[in-house]
Amino acid sequence: MIKTPAMITNRQSVVQIVRAASSDIISALSGDIFSFSLSLMLLHATQSAVSFGLGQVIYPVIGLLLVVPISNYIDTHAHKPLILISKLVALVSLIGYSLVIFQTSHKLLASVVIITIFGICDKFSQTGYTASVHELVNPEHIKPLTAIEQAATSGVQLFSPLIATLLYTLIGFGGVLKIEIVAETLVLVITLSMHFHPQPRTLVEAVGGGQLVRFKRGLTYILQHNVLRFVVQMAIWLNLLFAALTIGLPYVMIQQLHLGNTKLGWVMSALSAGILLGNLVLTKLPEFKNLIKSMLRLVFIFGSAFIGVGLLFLGRPGDQIIVVSLMSGAVLLGVMLALINTPISVYMQTTVPTEMLGRIGGTVNTLTMMASPLGILAYSWLFQRVPAWGIFLGTGALVFVLIAVFWHLGNRPVEPTA
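The opening residue of the sequence shown carries number 644 in the numbering used here; numbering runs sequentially from there.
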């Protein structure tokens, strides 16, 4: 006899949201501080700029190599034990790293190892949380959960670089390591206190098949679902093109306009503020009736931002006008990114069968993550050879072409046939 799972009440959902948000804030803040401090330590130890790019290289590679086995495993096993084990492994590894790093001359190698372990553990926990949303809150609270979690992360990003620099100066890397160990322990305790309500399977899959066969079922589901197929394609393009800002703005502001690190920090903080504002606004907005057309209208703002930056650099007004304009544009762009990313996450979590969320969420995250380093490589090459204003104008024009193509295709949400 199959036991019907108890309904998750509104009160239980609110408690889960509070716990999830608390865990996200602690994890994001301590993680950002640790990563920044680790980069500073390696920079002083190795005198190499590669220390600031380790995570951006290692994490996408891990995602690509492990997306199939991890996604399959998440979809076929209980989620809470896997999340707890991944966090426990990360904590034990961090303690081991703290005992070794000051005793070894191979600091770069030891740091690569800990970043790799963190990357694997994060892949397990993030995919597990994505697949567990129906086990944590009821359907009415999925959107608030996603929006509040992303708002909390964005809010942390506003202050983490400043806090990291201050702590590294005051207590050094050893002190930061101790804070990270305490923070990881708190996150583990909070996760242990969260109640996961197992949900019934809503889709009967064929039994058998290897890792690739089971993963292919997730890919087939995406390909046969117009909205998900659109989400994957648009997310890949946006992450690819967004590298123009992440690479271009620092290069132009510091190397060409000589505006300094502080003003660049203001602009990047304004982007985080916009994402925070956008997620707070989303908690009050109704669901989008047509996700595809709503996304395309928002992506138009994305393209307009590139055009605006290109025209700004072409006109070369005074430094104050440039900084204020970039900060205003960054806030607007951050709001737009929140209005795109959060509804996409909510859509997947409310429409994809629970037993396939691990594979589909893992596939989408991996594909979009792999697009970022490709964009970084491409734009790094371009900014060395092409005027910045031309790159931004060209990227904006490309975004408009993509909007026209997707709009012309007339994507409409339909249910998958399998």
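Everything labelled a hint here was simulated from the structure, so no lab data went into it. Given the structure is predicted, the values throughout are model-derived calculations rather than measurements. From the three backbone atoms N, C-alpha and C, an ideal C-beta is built for every residue, glycine too. Be aware that a few hints might be false.
[To be verified] Across the chosen pairs, the derived CB separations fall in these ranges:
#: 1; residue 1: 707; residue 2: 943; range: 51 to 59 Å
#: 2; residue 1: 745; residue 2: 927; range: 43 to 51 Å
#: 3; residue 1: 937; residue 2: 739; range: 41 to 49 Å
Status of the hints after comparison with the structure:
As the Cβ distance of residue 707 to residue 943 is approximately 31 Å, the hint placing it in 51 to 59 Å is violated. The hinted window of 43 to 51 Å between residue 745 and residue 927 holds, with their beta carbons roughly 49 Å apart. Taking 41 to 49 Å as the suggested C-beta distance range, the pair residue 937 and residue 739 conforms, at roughly 47 Å.
When the structure is compared with the earlier hints, a violation turns up for hint 1 alone.
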